[in-house]
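Order-wise, the sequence lines are chains A and B. In case it helps, the working numbering puts the first sequence at residues 1 to 331. In case it helps, the working numbering puts the second sequence at residues 332 to 802.
Check the hints yourself; a few may be wrong.
Straight line, CA to CA, 20 Å or less: simulated SDA-like cross-link-like pairs of lysine to any residue [claimed, not checked]:
#	chain 1	residue 1	chain 2	residue 2
1	B	K789	A	E274
2	B	K547	A	F176
3	B	K773	A	E274
4	B	K798	A	D61
5	B	K777	A	E274
6	B	K547	A	D177
7	B	K741	B	G729
8	A	K79	B	E792
9	B	K789	A	E75
10	B	K797	B	A494
11	A	K79	B	D793
Derived coverage of chain B by chain A (criterion: at least 3 residues anywhere in the stretch with Cβ under 8 Å from a Cβ of chain A; other residues may be distant) [as the list claims (entries may be wrong)]:
#	segment
12	427-440
13	609-620
14	762-768
Here are some chain B residues pointing at chain A (derived, C-beta under 7 Å) [said to hold, decoys possible]:
#	residue
15	K418
16	N456
17	G459
18	T462
19	I463
20	E555
21	G757
Derived from the structure by calculation, the hints contain no laboratory data. All C-beta atoms, glycine included, are put in the ideal place defined by N, C-alpha and C.
Here's the letter readout for the chains.
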Amino acid sequence: MIESPLVPTDTEKAPPRKKSRRSWTFDRISFVLVFLVLPLALFSVFVVWPFVQAFWYSLTDWSGFTADMNFIGVENYQKLFEDDIFMTALRNNVLLALVVPFVTVVLAFALATMITVGGSTYGATRGLKGSSFYRVVSFFPYTIPAIVIGLIWLQMFDPSNGLLNGVLTAVGLDGFDSFPWLGDERTAMPASMFVIIWGFVGFYMVLFVAAIKSVPGELYDAARIDGAGRFRTAFSVTLPLIRDNVQTAYIYLGILALDAFVYMVALNPGGGPENSTLVMPQRLLVTAFEKGQFGLASAMGVVMAVATLVFAALVFTVNRLVGGRPEGVRG
Amino acid sequence: MSIERKTVDRRTLLRGALAAAAVIPLSSTLAACAGSNSDSDDDSSKGGEKSADNPFGMAADSTTDAVIFDGGYGTDYVAFAATIMQKNHKGSTVKVSPTTEISQELQPRFVAGDPPDLIDNSGENSIGFATILDQVEDLSDVLDAENLEGTKIRDTLYEGVEAPGTFDGKLAALNYVMTVYAVWYSSSLFEENGWTPPKTWDEAIALGAEAKKAGKYLFLWGKEAATYYQTLAIASAIKQGGDEVRLALGNLEPNCWSMPAVQAVFEAMGTIVDRGYMKPGGAGTQFTAAQAQWSNNQDALLYPSGSWIENEMKDQTKAGFDMKGFPEMIVDDSSAMPWEALHAAAGEPFQVPSKGKNVPGGKELLRTMLSKEAATNFAKTKLAPTIVKDTVPADGFGSTALVSQTDMLKAAGPNVFTWTFVDLYGTNVDQLVVWNSFLAGKSSVKELTSRLQDITDKVREDDSIKKIPVT
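Okay, chain B solo, but in the shape it has when bound:
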């Protein structure tokens, strides 16, 4: 049990010297390892003939390499499009590889100049957009191309779907899935109790009192998803205060969180927290467990989330829940946008790296995905609409939430908006902490405001972070 240990003696010193001698020559060869790369983008230039069937000039018998985030939507919808593409272009092959860690898996490939031809840069481990902005294609030519049915793709899409993927005027990512952000509720429960979805925060507070009488809460939250309430607050503030609010927040302006519209919403939320309409303990509850308390136990009436919520909680939703959504509350009638205005953003950003071996192949796969057959297949199997319009029938494939999403989109018309600054600068992690404290009643509206402002200011004042102006 006693192993001989020695202080540094002559032998150790020699050993050290030997190790150093071995490292030094190696270092010169390996120094070239990460620091440089062979520019291998010349492959992408040798494309095939451009034609109506092949608008991007994909080379014949080429291989397209697609790496797809394997999250809530899986990857089979890309494989479905890949099959169609292989049928349309005999001899070409499409390789669809699933991954849950986009960033970790692709980081070495980006450095080596050998990225895939199409990536779905999504999920918890996605690559920050600003990081690879210079290394991806502008996808406007995909929108200008015709789909497989011969209609210009741009004309088949919902309003505003380019916004979340446009940075500095460049369409760096095409978000494929239409995500509607709303407040979700059980329509059957509401009917039973004669409740109606609140349109203003005052109505929401009144509903909170009703909920309390019924032994329930108005809202609940889970610790990883506390910022869903930030999303709700920002959307509500933008509807109340208009574009002014959206631009101030997006451009990280000083005192942007102190704008009257933002403050009015924060105050209303503070009232809800203070009156105990928020189910306690959220800061220590895993978010899926919290969501199940809403969808299965019905401890709370409302839950703000994106439209993925139905799919996410499919196995933990009470029978006959009849999930529906409504647009975020406004403060009062003087709001800049109507209540029907909707925070909707296309999600699942697909990107085509410029250094991919087969850039036209990546675009061709994207074009196939945006065509009727593949888009309808997505809506049907995932119960979520893509950015392609009119793929959901009136019965919503039997899903009340899907029908209510299409209804909300229709009612909103052109009043669809979104913002990207949270994802763009990766501040969600820091904001989660602030929101968890606020929702738990541990910090006041004033503290919430100043701490969110600190996070914003920190990003603005850090010169090493590239800022992308919002217009």
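Isolated chain A (complex conformation):
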């Protein structure tokens, strides 16, 4: 906040330097009201409060359709951890959180490097020929809504009329005739992961491209003079300099993977073969609205929130351990 000595006040009898920073002028009060109290109140009512409320419901046996509820302590949580289907869903979410961010970030980073600094080693540091074309094309999937992506790939994976099996059988792989990609326990999860990754690589590539562009070109020139090849440049120059972006991307993707609701509902509304693609929010919705167990569903929501926080904490810790700047130090 900038102190404004230009505004004269009545109390200004003492030397200006000693002016109390806590004098409650109209200016200051209105500022505090508009920029602190109001947003804080909105935040409390619409963000903090629902969290508190959901946590409270998770300790009750509320059905969701009456006003009555009884406090039952942690019984819902006990039930959850004994429920094999919910545990399957939790495991699937964890699997997604392990695979999807990693693969997406690696692919996006590789592509971003190719587009920005992976080009000819003669002359100025630059990307591959036609890189702007690749950049635009690979961003396309991100402009399509998630549900549409899901529905498009649902058609692609169709066992009888899908493009994928059409191509595979056309090149002579008859074993894929009517192969249910989304209906086979072995392939349903990888196929669903592929769809999510397909949708996000372009966006994170563009994010990394922007980050790499802000790295001074002289660093690359210097690395090249020292004899660093493309791989060495990517891992020793680019990656450390855009570490923060990678961390952010990782956390965003992790949060997405711990949800993944839209993709999974579009691809396999029922949770997939042997529940192999069932994710927690799907189970939550069924429990709340179909089975009328809002208390139990709230407990699932709390578990999801905790899982997400743990994931973010893990990413921060790993980043710190592998040599990220300590918290609070400016870059």
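With chain A held as given, fit chain B onto it using these hints.
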């Protein structure tokens, strides 16, 4: 690109304290939000005079609020009845609101004690019956009332239509549309090839061999609809084993899936799967796409489904398909019920919440819908019979499937049965997984049985789920 980040310092701590200070006083006021409600059901008590034209005593110039599931049947048939009702009761208004998410939309209204006066609790997002059983009216008085033509409504309905809506002896829901569950086929295709609809599972297996010769399959399925085969199996087992089977399954008895009649049907289905009479890939096919492979490509001969199938596949049915249905197969001649016995249940459950502002209005709208004019209009526009008898003419408004439904109902006579435990306890989601694996040939009859039994046992042993005994 580097944003200052700090660990928790004095300022953050203060900010946190401030936030907490703001939340605590708020929480006491908001705690009252969901937990309590003002009992506003006193409105419903002040009705008008009861008379022959107004058997439920709806107040004059009142408004009736109806929330209707906007699914395969749309909502215009309720609006049609609403128009008649507004004509009969000058000054009253009926508001018909369509929704596809009954549960999500009405949940807050139920909690607040302000539900609508009539709901069509149907579709994928319907509210579980057990959940709101205590909060809806017993609709027996609607059946005891006279329709607009002056006949007692109960006498105008098909047999057994109250069963699916009766829980614990209370008619909590009146299902409006008559749904006949059967095995559907193209009568023109069957005539061309000289095939006849199978009456027993052995005949079905023989037909499967015929189909194979013609380069087709006997059955096919889609992943969201794998439990249609469960419906087929249960119906077939009940016909074979009688009421004993129906009661055991409905009351979630131990080892109910191992009963001889159920096992015989499962074994027959297992044979069909093993011999490759089931089109592969169903576990990865969307159910409407799968159904189109039956109704348009004719890849398979038979499809078990409810009578909504004709309407659902209207745009994707081959010209000259001439869809017809036949009752589920039985195991052999020793069956407890004849082959003609029919799994038919009224669908589209209409319910009147007790806390609605205008309970008599909700019932009056239902009464209007059950009268000749509105019911005939439904059959004509939706090509499906309502629970009201004799609304379909001999030509079935040009639909072979509609004619075959009425024929099947007539042939079945009193042998009409249904069950509710799958919907009641919401187990379909879990059973889908089991059936998808079985139909894909990935699990044996033994595994199918034990996994279905596990699902049943889990519900039975969960004390927090209210059980409703079946008789």
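The hints, checked one at a time:
1. K789/B with E274/A: Given pair K789/B, E274/A holds - Cα atoms ~17 Å apart, limit 20 Å.
2. K547/B with F176/A: Holds, at about 19 Å.
3. K773/B with E274/A: Judged against 20 Å, a Cα distance of about 10 Å means the pair holds.
4. K798/B with D61/A: Distance ~16 Å between K798/B and D61/A Cα, so the pair holds.
5. K777/B with E274/A: Status holds; Cα separation ~16 Å.
6. K547/B with D177/A: Holds, because 15 Å separates the two Cα atoms, which is no more than 20 Å.
7. K741/B with G729/B: Given pair K741/B, G729/B holds - Cα atoms ~19 Å apart, limit 20 Å.
8. K79/A with E792/B: holds (12 Å)
9. K789/B with E75/A: holds (16 Å)
10. K797/B with A494/B: holds (19 Å)
11. K79/A with D793/B: Holds, at about 10 Å.
12. 427-440: Holds: 3 residues of the segment 427-440 of chain B have a Cβ under 8 Å from chain A.
13. 609-620: holds (count 9)
14. 762-768: holds (count 4)
15. K418: violated (35 Å)
16. N456: Nearest chain A Cβ about 6 Å off; hint holds.
17. G459: holds (5 Å)
18. T462: holds (3 Å)
19. I463: Holds - the Cβ of I463/B comes within 7 Å of chain A, reaching about 5 Å at its closest.
20. E555: holds (6 Å)
21. G757: holds (5 Å)
When the structure is compared with the earlier hints, a violation turns up for hint 15 alone.
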